[in-house]
Amino acid sequence: MLLSVRQLITLPVVTRGGVRIGWVLNCLVESETQTIIQYEVRRFRWWGKRFLIHRHQVVNIEADRLVVEDELIRELSVPRRLSPSPVPQEQTPLSSQNDSV
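Just so you know, the sequence shown maps onto residues 1 to 101 in my numbering.
Everything labelled a hint here was simulated from the structure, so no lab data went into it. It is possible that some hints are incorrect.
[As the list claims (entries may be wrong)] In silico SDA-like links for lysine to any residue, alpha-carbon gap of 25 Å or less: (1) K49 - E32; (2) K49 - T10; (3) K49 - G17; (4) K49 - I9; (5) K49 - P12; (6) K49 - E62; (7) K49 - L28; (8) K49 - R6; (9) K49 - I73; (10) K49 - L11; (11) K49 - T15; (12) K49 - Q7; (13) K49 - N26; (14) K49 - Q38; (15) K49 - N60; (16) K49 - I36; (17) K49 - I37; (18) K49 - W23; (19) K49 - V14; (20) K49 - E69; (21) K49 - L2; (22) K49 - V59; (23) K49 - E30; (24) K49 - C27; (25) K49 - V67; (26) K49 - I61; (27) K49 - D64; (28) K49 - L25; (29) K49 - M1; (30) K49 - G18; (31) K49 - D70; (32) K49 - T33; (33) K49 - V19; (34) K49 - V29; (35) K49 - L8; (36) K49 - E71; (37) K49 - V5.
In this text the structure is predicted, and so the values were computed from the model without any measurement.
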């Protein structure tokens, strides 16, 4: 099947299990081999986060959708930390002012 770039852009992206995770926003082509390497996908339309899907994660491209591995939805649902977790500090008891009275 041949798809134009216009047909590829805006295709819904779904997992094998049928979970919709976004739509194709763009694709990255490797110029030497003229091969699509990654698909840029946006979640939940215009205000959603963008992420990249490698071509090896794509199971099938159909006329009406791009099908990816089910494991991808688990990767997307894991929150990413931008900074390390704060280290809990040891609490020291505060001396009360009423102790001296």
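Here's how the hints hold up against the structure:
no. : hint      : result
1   : K49 - E32 : violated, 29 Å
2   : K49 - T10 : holds, 15 Å
3   : K49 - G17 : holds, 22 Å
4   : K49 - I9  : holds, 16 Å
5   : K49 - P12 : holds, 15 Å
6   : K49 - E62 : holds, 24 Å
7   : K49 - L28 : holds, 17 Å
8   : K49 - R6  : holds, 21 Å
9   : K49 - I73 : holds, 14 Å
10  : K49 - L11 : holds, 16 Å
11  : K49 - T15 : holds, 17 Å
12  : K49 - Q7  : holds, 22 Å
13  : K49 - N26 : holds, 13 Å
14  : K49 - Q38 : holds, 16 Å
15  : K49 - N60 : holds, 23 Å
16  : K49 - I36 : holds, 21 Å
17  : K49 - I37 : holds, 20 Å
18  : K49 - W23 : holds, 11 Å
19  : K49 - V14 : holds, 16 Å
20  : K49 - E69 : holds, 19 Å
21  : K49 - L2  : violated, 28 Å
22  : K49 - V59 : holds, 22 Å
23  : K49 - E30 : holds, 24 Å
24  : K49 - C27 : holds, 16 Å
25  : K49 - V67 : holds, 19 Å
26  : K49 - I61 : holds, 22 Å
27  : K49 - D64 : holds, 22 Å
28  : K49 - L25 : holds, 11 Å
29  : K49 - M1  : violated, 30 Å
30  : K49 - G18 : holds, 20 Å
31  : K49 - D70 : holds, 19 Å
32  : K49 - T33 : violated, 29 Å
33  : K49 - V19 : holds, 17 Å
34  : K49 - V29 : holds, 21 Å
35  : K49 - L8  : holds, 19 Å
36  : K49 - E71 : holds, 18 Å
37  : K49 - V5  : holds, 21 Å
Comparing the model with each numbered hint stated earlier shows that hints 1, 21, 29, 32 do not hold.
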